[in-house]
Amino acid sequence: MRAFLQTLIGGIGFGAVYALVAMGFSIVYRTMGLVNFAHGSVVMIGAYAASTFSMTVALPFPVAIVIAIVVTGLIGLVIERVLRPLEGRDFDLMLIGTIGFGTVLEALAILIWGATGHAVPSPVGSAPLDVFGVRVRAYSLVVIAVAAGATVLLALFLRRTKLGAAMQAVAMDPQAATAVGVHVGRSNAMAFAIGAGLAALAGGLIGPMLYVSPVMGGSLGIKGFAAAIFGGFGSIPGAIVGGMAFGILDSFAAGTFQGYSELVVFLVFTVAIMILPTGIFGERTVNRA
Amino acid sequence: MRRLALIPLAVAAVLLPYGLDRYAIHVVDVAIVFALLGIGLGLVMGVAGQVNLAQIAFFGIGAYACAILTTRAGLGFWVAAALAVLVAVAVGLVVAIPALRVQSHYLGIVTLGLALAFINWITNTPEAGGSEGISDLPVPPMFGIDLTSEHLFYYLEIVVFAIGLAFALFVVASPLGRRMRAMRDDSLAAGALGADIPLLRVTAFVLSGLYGGLAGVLYAGLIRYVAPETFSVANMFLLLAMVIIGGRQSILGCVAGAVALSLLREVLADFSVYAQLGYGTVVVLMVVFAPTGLAGLPRLLRARLSRHRSGERAELRPFTPDDPAPVQGGGDMLEVRGVSMRFKGLRALEEVSLTVPAGQIRGVVGPNGSGKTTLFNIVSGFYVATAGRVLLEGDDVGGVAPYRLARRGVARTFQNLRLFGDLTVRENLLVALDHTRTAWTWRYVALPHAVVRHDRALRDQAARLLDRYGLTAFADAQPRSLPYGIQRRIEIARAMALSPRLLLLDEPAAGLNGEEVLRLAEMVRSLRASGVTIVIIEHNMGLVMSLCDQVTVLSGGRVIADGLPGEVAVLPEVVEAYLGEPAYLSDDNEDAPEAAR
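Listed in order, the protein sequences are those of chains H and X.
Position 229, counted from 1, in the first sequence is what our numbering calls 229; the numbers after and before it change by one each time, with no gaps.
Position 218, counted from 1, in the second sequence is what our numbering calls 218; the numbers after and before it change by one each time, with no gaps.
Take every hint as true, because none was put in to throw you off.
In silico contact screen, one side only, chain H against chain X (beta carbon under 7 Å); selected entries:
id: 1; residue: Pro85
id: 2; residue: Ile96
id: 3; residue: Phe101
id: 4; residue: Ile222
id: 5; residue: Thr270
id: 6; residue: Met274
In case anyone wonders, no lab produced these hints; they're calculated from the structure.
Quick reminder that beta carbons are idealized off the backbone N, C-alpha and C, glycines included.
Model the full structure from these sequences, guided by the hints.
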C-alpha cells in the first residue's frame, strides 16, 4: 500500500508537468486549430533557459523560470508569425512546419548548450518528507502546487479578462469574432505566447526531476500531446485529467514493466484513442457535409 | 519519347560506380535506401494523405527482422529477407488500424508513439541486442558475386530501387492512386463516390510497410549491423524533411529529396548540427512558400508567369442531353419512414417520412436549419439515423456506408462544393467513373496490363462525359481555379459519372446567376428523362416551383407539408415557416408563373 501511494504521488508530480505541457498544446489548438509539434522543443528550451539562469547566472529559481517564460513566449510569437499564412488552410502542412521548427530549436539548443546536457539541483531540500508514513519528495509537492496555481490563473484569465474572452471568441468562431472587432491574428499570437510560456514553466519545473538535454523535448512533448488528446483535445480540464492519467500510468508502468514502460504506455494510449477518439472531455465532432 | 530519355539514365546508373571510390559508393548506397523509404512515405502521406510518422519504424522492423532471423534463427539471408518484408507489411497492416478511427494530427501522434514504442522495444529486448544492436549479419549470397563489395551491392540496390520506383509511379497514375489522392483531398466526397475509405487507408499503410521493409532489408545487407539509433525519431524527422523538401505529392520529388538530403548530410557530416539547423529551416520555408516542394516548383513558376500573360478564356459549352431512357427501377425509389436524428440535445429531425416514386423530381424546401441537409446526410449514409428507417427500392439501407450506397446507385452533390482540389477536372470525373472495388487491387501486382486497359476505358468514358457536360475546355484545370458556376456543373457531372438511379442535389442553384439557373433546370429535366430519380434541396423557389413534381416542406426538423408545388406554397403554415414572410416565396423570376400569389 505504501509503495502504491509513493508511486501514485510520484506519478502525480510528473502528471502535473504533463498537464502543463498538455495545456500549452490545448490553448494553441482551441484558439487556432494548430497542433504545435515544436511544443516539446519549446519545453526543452524552457528547461535550459531556467536552469541556465538559476545555475550559471545564480538568480533565484522562481526568477529564472519567469525569464524562461519570457524567452519562450517570444519564440512562440516567432513561430506563430512565420506560420500565419497557413492558418486555417492546410492542417497537415502547419503540422509539418512546426516539426521543422522543433528541429531548428533542437539544433539551436545543441549549438548554445552543447549536446550532452546537465543535471539540475533541486531548489528545495532534497530530503523526502514523511506524510503519514509515505515518503514524498518535497519537490514533487512544489511542482503540484505551482502547476495548480498556473491552471487557476489561466482559467481566471480566460474567464475574467477581456483578452481571455476575445480568445474564447476566436476559438468558437474566428469570423464572428472578427465581425465584433476582435483582432484574430493578435489573439492567435497571444495564445501561442501563452502556450509557449506554459511550456517553459513545465520545462523549468521538470529540470530538477530529469536530466536537462537537447533531446528531452521529444518524449516530453509527445507524452504531453498524447495527454492532451487523451483528455479531449482543446479542453483545459481534459488536459489536466489527461496529464494526470499519463503521469500515473507512466509511473506505474515504470515500476511494473521496467525498461518496457514506454512501449506499454504508448500501446495503452493507442488502444485508448481508438476506443475514445475524442478523449474524455472532447466534443464529439460531426463531419459536416 | 519519354521512354527514350530513360536510356541515358539507365546507362548513367550502370556506369556510376566506376567513377566513385569506396566511401562515395557507400554514401550512394545509403542514399538509395533512403530513396526507397521516401517513396514509401510519399505514397502513404503525400498520395493517400495519412500522416504516418512510423515510417522509420517500418524500416527498422525490416532491418531488425532480417538481422534476428539470420543471426538468431540461422536462416539464410534471402529467406530471412523475404520474411522480414512480410513482417514489415504485417506491421503496416496493424498500424493502419488506428488510421481507421483517427486522422490528421491524432494519427500523427499515434504513429509517432508507436515508433517510440518500437525503439523502446529494440533497446530493451535481449533478442534485439539492446542498445548495442546486432552485428555480424551474413553476407547476402548471390551466385558467387561477392556482395561485401559495396560497388557490387549498388547494382542489387539499383535493380530493387528501379522496380520499386516503377511500381510506385504505376500505382499513383492508376485508378487506385487516383482514389487515394481523392481520399486525401476530401475523404467524405470520395466515400460518396464509391471509394471504400477504410480499405484504401489500409492499402496505403501496407504499401508504406512494403517499401519500409524493402529498405530495411537492403540496409541490413549493406551495413550488416543494426542498432537503435538508426531508427530514431530524429531520423524520422529527417526522412520527413526529405519528402517535404522534395515534394510529398510527387514520387519523383520524394526520391530527389531523399537523395539530395542524404548526400548533403554526408557532405556536412562534420557540421551535423548546422545541417540539422539548415534542413529544419528549409522545411519551415518550404511549407510556407512552396508546399508542393521542389517537384512543384516548375508548376508554381509557370503559374506565376502565366498570370501576367492574358490567354483567351476557355468557355463553358452547353450541356448535351442524354438519350431518353425508361425510368430505372419501378415503384418507390426512396422511402424515408419515421426518421429522427439527434445530436446531443439538438433534435435535427423528428419523425420525418417521405416517399419518392421512381422517375420523380422531388423538391425539399424549408428555412435554414430545418434539417434538409441532415436528411440528405442520412439518405447518403454519412449519418445513421437515431430512429426510423431508410429504404432504397424497398431494401433497408439504414447504417450502410456511403461508398456502398454509391455502388447501389445513390449519388449526391454538396451544399458547399466538395471537389477534389488537387485533382484535375478530368481526374475528378475519373474517380467517380471507376466502379471497381478496392479489393480488385490484387491485379496491380498480378496483372498490371489489365489495369492499364481498364484505365484506358475509363479515360474514354471521361472524355465523353466531359464533352456531354461541356467541360472539355477545363479538363486539365484544377477545379478551384474555375468560376463557381463551372464548379457546380463539374459536381453534377461527377455525381452522374456514378451512373446513379437516385441523385441527391443539395442547393445546386446556390451562387448561380439567372441564366445558369435556367440551364440547370434544363439539365435536371434531361437527367430525369434519362431515367434518374432526383431529390433536390433548394432555396430558389422559382426553380423549385417550375421543376419539381412534388415538394416536401421541412420546418424545425418536421415535415409540415407535402404535395404539388402550387398547392404547398399557399398553405398558411408553410408561409409562416418562412419567417412569416410571404414575399420570400414569391420574390422570384419569370420562370415561376405558378408561384404563390
